[in-house]
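From first to last, the protein sequence lines are chains A and B. The opening residue of the first sequence carries number 1 in the UniProt record's numbering; numbering runs sequentially from there. The opening residue of the second sequence carries number 1 in the UniProt record's numbering; numbering runs sequentially from there.
Mixed in with the good hints there might be a few duds.
[Said to hold, decoys possible] Distance condition first, Cα-Cα at most 30 angstroms in a straight line; then the derived DSS-like pairs of lysine-lysine:
1. LYS673/B x LYS137/A
2. LYS173/A x LYS331/B
3. LYS137/A x LYS334/B
4. LYS66/A x LYS666/B
5. LYS382/B x LYS66/A
6. LYS66/A x LYS100/B
7. LYS277/B x LYS173/A
8. LYS200/B x LYS137/A
9. LYS66/A x LYS331/B
10. LYS173/A x LYS100/B
11. LYS127/A x LYS122/B
12. LYS122/B x LYS66/A
13. LYS66/A x LYS200/B
14. LYS578/B x LYS127/A
15. LYS66/A x LYS334/B
16. LYS610/B x LYS148/A
17. LYS127/A x LYS334/B
18. LYS127/A x LYS610/B
19. LYS382/B x LYS137/A
20. LYS659/B x LYS173/A
21. LYS66/A x LYS689/B
22. LYS137/A x LYS122/B
23. LYS246/B x LYS66/A
24. LYS578/B x LYS148/A
25. LYS519/B x LYS137/A
26. LYS100/B x LYS519/B
27. LYS200/B x LYS173/A
28. LYS66/A x LYS519/B
29. LYS66/A x LYS673/B
30. LYS137/A x LYS100/B
31. LYS578/B x LYS173/A
32. LYS148/A x LYS658/B
In case anyone wonders, no lab produced these hints; they're calculated from the structure.
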Amino acid sequence: MTSLRPFHATDVFKFNPTNLDPLTETYDLNFYLSYLARWPHLFTIALSPSSPSNPSGQISAYIMGKLESSPSYYITSPHYLPFHAHITALTVSPSARRLGLARTLSSSLEQAGDEYDAWFVDLFVRKSNLIAQSLYKGMGYSVFRVVKGYYSDDPSDPEAEGEDAWDMRKRLKRDADGRHVRGDGERFEVMPEDVW
Amino acid sequence: MDNLQDRQDVPIWNAVEAKNYKQALKLVDKRLAKKPTDYLEAVKTYIRSLLPQASEKSAVFIHLEELVNRKSSLSDLAAIDLYEDAFEEVLPGARESWIKTIGELRWQCVKTLPKQEDICLKCFRACLDRDDLDHARQIANSLEKNFPKSHSYIFWNITSMFLFASSPQCPESQKRIWGGLSSGQIGKLAAATREATDLKQLPVRSIQTPQELLLLDRITETFGQPDQRLEYLQDLHLGPESAVAKGDWALWILKLKLMREANRWQELFDLCGTLLKRAREANDSNQLAEASFSDWIVWEAYLKSASKLESHKYYDQIRAEVEAHLDPACKIDKAWKRNASLASVKLTFASSTAFSQNHSAANGEVAELPPRLSAVVQYLQKYGDANTAYDDLRQYVEALESNERARLLIMLDANTGLERPQQPIGPSEPEAKSKSEVPKLSTADQITRAINRFKLKYLVMCSIPEHERKQSLEAKPDFKCITCKGSCGIFCQACLEKLAEESINSYQIAVNDDGQITKSLLTTDRHPADDLCVLTAMCLIKLALIDTSSVSENLSNSRTTYLLQATVLLESAWPRSKSNFQLSLMLVRLYSYFGCGSLAMRAFQRLFLKQIQLDTLSYTMFDRISSFHPHPISDSSDGPSQTRTLIEQLQKQQQLYKKSREHINKNNWLAFKHGSYNAIFEFREVTQKLSHSFSAVMSVIENNKIHRFTTNTVPASAISQMHDLIPADIDSPETTLSDNNDYETFPNYESSLAPTFEELSRFIPGPAETRYRLNLLSEKISLIVDPSPELSGEKTILEQSLKQTLDSQKQSWAASSKSGVGSKSMTRAEQLAGHAYRAMRLIITESCDQALWAKGDFKSRLEGHNSELRERLEELAGLLEEMEAVVPAFQDTLNAVYTAYEVGRTAVYFCRFLNGKGKTVYETQTEASKKIGEAAERLIQVVVEKCAVVKKGLDEGGWIDKVLESVFPESEQPGFPSALLVEAVRQVPDEVFMEEWAGEVVESWKESAAGFSYMKMPSKA
Ligand SMILES: CC(C)(COP(=O)(O)OP(=O)(O)OC[C@H]1O[C@@H](n2cnc3c(N)ncnc32)[C@H](O)[C@@H]1OP(=O)(O)O)[C@@H](O)C(=O)NCCC(=O)NCCS
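Chain B with its partners taken away, still in its complex shape (with noise of 0.2 angstroms):
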């Protein structure tokens, strides 16, 4: 009853409570009748969009129109509110229209009372909530204009002007005018910070904060001059040393950039110089109050102007700041030093001077190492106990010629010249030079040394000529290894091999350490010897790759083998690493390949996901969980929070997106309140990746798809989350769905040129638009023709939008049909089902328009699209009946198999559709449908069987034995992991381990089979 006015309102308000509408209408009619008020009005319409019926919710919107060209605006706050919630009752989510009528009454409101500053508050922040930016626009200028005093209102004005004129709500023509106004404005405000005597008395209408120059450089950056934003960047009272800017950091990095975009390289130069040294130098409590300066990103922009500058003079400064950084009287903190030891190498490999001989001359052989590698191998002596010494050597390393990277790999090999030197300063210890000794592995620092070493021959031996391999693939299909010598394609089977078992076999020592290290781990710590684990399941997942034959026998190809081991290897890892995500990440693929339903979650519940992350990495998991594990998750082993079904855990993600709207909104509300314009900007960014999220989309899909399948049923809210999750605009040929999964946690020790590890290691094509679009054009189909009386009011809605789409749509998917696009981006069986699908919609759309029935082609035309859908049907089949390697059913299978059936049971019901529909649909499709659902019964006929196939194979015994057979051969085999590395790999893991492992994933093969028996031919209609 929030909405009290008056104690005589008190029995409506109880009636509607109660739900009795008509009794609540009959009094406030009666308490109209005597005192007619705009507040009681707005009761009465509110009830009015309480009610079912169609009319009254049609009538509640015309009468919302008629108030808004009332000539007498409304004045009272509380009949909007209730005029608002009317309208989300009769049009909810609707925005267009919210805009036109409560968007319309608020702004009149405002006019009405411009100054109750309340009153015009709550209307501007209804109006942002909505995203209504021309009203909020004008509300913001009629709070300035009477609130003169406020510094805030100006800049709220400013800023609506600016959000209006780059939103797509602002029609072109007026684009130029508020982007020219705000501009103009923030423009005269930045003239009176510029022109101020006083910086601490600055007046109402300047520029004040750090935020408000973000601002204005964001503005300038739109509507402004070319080299305004520099200009201003470079002004005394606006720049980022200016009192204004307070040390803001973030003008810093806005300046640097726009001097390099702006090619000023000696001013560029300069600053950077001085910058760095203030850095260095102590103030007068001899503190490094400015450290800061020593940002990596000066560094880049100090190197980039010298190279520009093509003078060794500039180097030599460089250099001499370098050295000034790293004297050891600079007190500066370690993470500023490793910028200057980092920058130390970048301009060795800048410049051609050999700035790292005058050095080196100290440090035994690398002094005689050409300059370059000799400036890798110094920083790695330095911080290869850093975790991150990897990468920051990277792309040096791919740098190097040929034969430093051959040198470089014999060091990496032999493991000299690579430690800490002992003196930095003095004559080099004639006995290192000679000592090639097998390094220890007891400390963390000496684990981190080694990870570094086998990350960077990893890079020079697999990921840097792979990629060059595959860059002149089609030349030459096969090469000579320049590693080891022989034979190869894009993968060396040797190198890699020889990797695996070097890193796995110091892995087993790291561990084995008499359980110094392991014994101290608390159960949030992660082993330190991890990556060398994880850097083995990369070679043997890389092993598996090469082997591409087709064999009739899952467990005995040469694949299964190596993933297998990758598998076990980071299974056991994880027990004494639980917040390893990578480990857990990585086994989440694994188990996914091997169609393991049950344990690819289990890996996937080790992450604990929450939040945000469900929107960012779901996928993992959840992305074709349809076609992979449709079924309820039986298996619950670590942890408490394991019986949530997979409907459960797609809503919870739901969830997520419809709570963030919330706090988009409120937050939007209190950057205005607090100045904080620029944050403005990044929330309208994100409520546009939310808002479009590849992963809303495919939990919406998943989750009907699921609830389809396991219950035969419609999801009672497929239609109102295809509304509240899909973006209105999606049919829109300018409409993307943004990316938002992450990719960059999983571990990547690849050459920053090739692809990453996760788009190597995708055995089935990675999330992608094409393949969701086609997903949601399935799932309409679905909904159309599904037989549930449920649906039938919104039928004709989903049928009109087909049509719709069809248009906007066609050219480019007539494109993409011919060019085979999604190839790319689908298995075998989802493009064929896709091919179906837009049959379907063609057939649906067409043939039930008699408009194009009197065209010529038209009866051709729809034997077409009947021909094709028919062909598709059986070829799918015909895949299903080709595929040999079914038991136990991996991914593939699964994929192909609950593809198969889907597309197989939405034929059939396809055709049931179109006969209901009796003469309105064209007459020869009658026939034709009679033969697409044979052809789709019989596709569900080979399902069945294939299914049977798989159970009838999985019941017979001699799994468990045949994992382990193919996790270690017993005798070598060509293609097959030699002797040496099998042996290697089956240190890790303890014999009760292994028994135990394998009987889970011969457990988890059955409990995915046991999804199977939710797969019948449709009963006869």
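Chain A extracted, bound-state conformation (with noise of 0.2 angstroms):
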């Protein structure tokens, strides 16, 4: 079954089923909390059936959300960003994988974009993270620019230096010309200052 609520702060009690998993990161709680103060509408999971043992259900996945602009002292940067939105975390916890979730989660999120008027939706994803590339390229997003070394580090090679990122879009309906995207994407590098 698919379901979905808001997260609540009490949750990060329960979202080892997301967050034991290596691709996943746990932050502080500053991290979680922040974003609930900021965009508690932007911060969704998904959770899986209940039982009388789990009443409330377990949480198979969620999506972390925002929407802003680059701060306005930025504005005559080449990298200034518009109103828009952002992924900053999308995880669906292993054994509720191929189902959908993301896809439905990441379309909450645009639709969230679109209520509240915003250019576009972008997020970051790890250069070798194709799985995760698949699913945005699937749902129409495209790379805007790669960010050279934005990762300090490679999940799958402790040995690498760290790893690029790719910046990738989907305008929304705000954007009706495309300003704001690039279908040659992977051939714009800009360095981790560059991106805010």
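Join these two chains into a complex; the hints should help.
The structure is reproduced here in structure tokens:
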């Protein structure tokens, strides 16, 4: 079954099914609470069926998002981002993968982006994370730029120094003529300090 | 030097920095003499608070109290900040006093400067940080009044009133006042939105955001009229469809819930019908923008309302909706389609209409099945390759009649009719009907199908019957197994063995696919067949539970054999699936059972716990670590961060609690700033849970015990940690601790009506409040009687607290010792030790309380406590002496040995402590203490002897062979695994692995026994 609800602060006690997976980082409490304090409606979880021993159901996936623009002092920068939605984290527990939950959750963020009149949705994904890339490509996202050495580690290769990120985007209703997306974003390389 | 206001103050702060407080005071006095200011006064107080003398500290506090009572209030915020710092030096963490002094100063400052927004905001924030809700409320009220154009402050005021009214700080008599006011005020704002003509230009005093709507609901729930919540949610301008709601799903969830609670079945039915229809209808741009309306809660509410309306026509409508969703032309996402399929199953179960019959005619044998079984089978056909199919179907399979379950089992066994039909519509293939083929296990989908089948078999063959048998256990201790028809107990050995064998064989086939899947796995992946291995391990663990006989040799009983087999299987699955945390969780438990501390730690570290996970999962390793493996763990295998000592790990956990307070405060403020009112209440729940956490208490206790055990000294931070991490209200009878532990992440394929597998596989009682409270008591006693001189100042306070809590807990404990409460949450050794500690507490408090001496029965009372203590120590010695199977020492042995040693040693110190008190102790106590001392020393002697037996036993050779013989017994014996099962298990690990692993187990036992060398008779005082 698929059932979504807003992430409650106390869900941090129950998100191990997603967060024990090595591809999902567990941050300090401040990280989760600050999203709840600012964008409570963009932090959504998916639940698995409940049972008498677990009446509220287990957390099987969640998405953390935000809506913002670059700070105003940045406005003259070529890397300035107008008001947009951003996927900060998207994770599905290993036992609930391939059921369409990631697609459903990211659609919910796109919808909120439209509701709040954002230009586009964007996200960073590891260059090696082919699964996530195929998910996003399938949903109409395209690469906007490559951020060199954005990640300081590489979970699949302990020897590696770091890893590039793809900054992927999908335009929302407001960007009717596609001003904020690129068809050939793989060619645009930027440094981590350029992205905000 | 953040506090610098004037260049002339520089020398003062330089002196403070150099810790030359005398000089600093001199300088400040000089400046004060010239020009007295509030700020300089505050500097002076701050410097005095830094002085070590207790007299200075109390003078500071008195000064703070005087300040509050002064007529003219302070308006210099920097001065107040300094007073706050001074307060922290004098009375760190004392919230109540903070409120009375600093909180009051801040509020007075706001009253004096109500238009200075910045100052008011700082004061508001400071009060929130201290949970000083009454002052926060007053400041918010002032902000609203003085900045009437601000929309936010209106809500800050309402939120603050509501926070105050719902907190224990609010006097009972005022709860309704503040609650009523918050509800009245937000009600007016709701009315303004309701009546607004232009929703784009709402007045300042109105509800304008989803979070404000959620606040409205929250307040109305507590302080409004019963029907009002739903009324708001039904309103066009305030409900989930309103412009204000911005489509927030949380409001829909509330609305559906409240309609159910209000029995508005017809309305609910119609609403759900509409939502589901909208979900599958494309908008103008051909998008299914409202697909999320087909959330499972909508289907559930739809079905629930139909069942209440009791007419077939409603079910017919639902059926039509299901069909519309499942129509291939409907392009709704698969996650939502699955809901419609599951709704179809639920519908079949809910209605007596044989809905699925019309449908399933095409699916060969499914058509001949009874409707409910057919619904289950169809779902399995469709979604059997999804991991969640088992969880989705579990409750429906449980609801099948037993004859239906028997039919399902036949299908599962033969694997017929369960595959996805090739052609959903059209005549059935005659071939498919009779075909019962060995399933292929070469793709992830095929493997997942097999896993779902095995899990369902486990449910039908084992878990459900076990639960049913358990229910009728008293009437009938022996059963005829409904599946294999053999006679059995609660667990059926034959069925469990059969399933274990089949599923491990399938696992073996799946992983030996010429490496097709295995080779393609990334290091962060898990093998799709893992659950087969987990399921086998579960069967083996249950088989182990059948054997409750006690034998004299640990390695020669069948329980050990089964459990070692489970361990081998999980351990050999791990290299392929390093990220599979369920393998690791089970391994921690199994290695703990075997007393292999270093291996349990190795499995635990594979979880890579961080941050909040240290609260929710530390228990798996650290609960009782002091009576399991209190010495440093020397094994270090996989991974880099293995070297951390146990104490460091516990301290890392304790850091989490300290840091999280800061984090919560910071975000509480952020939530106010961003108008996320609902989040504020959620943050309070997190605070409550973390400040009363089981695991926090555990970390303090285990840390102190380990420290004491390994160093024979009092942990330096013992007292401050107790203050910091143990809730201040712990002894109040209303306080309960919060069990934040995560038991759900363990794999669990049990029937939803039965205990979870995590519970079933507890070889030793799990975390429990009774035990933690008892541990806290024993901790206090250990500190009081500790001979170390460092603690002398703290002891009196601890003694007082023992006395104070005695009264509040007397009754509940009197009841608990009679009814034997604790027997479920503690091992036998812990229970006996618990009784001994309670007796020690009574003796300490009563034998020194001269007011009691004159009472007629005092002498016999005291005698009673003394003989209770002595007898419990003797009982413990007896318990140890009787333990036979101690080599190698499994968890139960280790627990008994370490628990006994600890209480024995405390009792020795306890006697010395009382002897040292001279005439302030009742006169007969000296004699009684002597006897107790003797019993305690004898107990320690028994402990030391028992440990010597274990060590000597382990020093003898041949253990690796014994382990290998135990895992794979040569000959078949009753109660032991069948030769077939042994053979099936043997196929999984290779020989090299087995040799190495057995060696590790033996090493781990030896490493564990190294802890015994710390246990010695306390040297004579
Ligand atoms: C990436 C991730 C979120 C996908 O979650 P999911 O719920 O399994 O994905 P969905 O079922 O919604 O899949 C949507 C599409 O993504 C693609 N996809 C997902 N998993 C895939 C896989 N294992 N292989 C190939 N394609 C895959 C497919 O195109 C799929 O559509 P389809 O199933 O109709 O073919 C999940 O694998 C995950 O949690 N990974 C770890 C954390 C992570 O990497 N997050 C992304 C950070 S940006």
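Original post:
Which hints, by number, does the structure contradict?
Top reply: 1, 5, 6, 8, 10, 11, 20, 22, 26, 28, 30, 31 and 32
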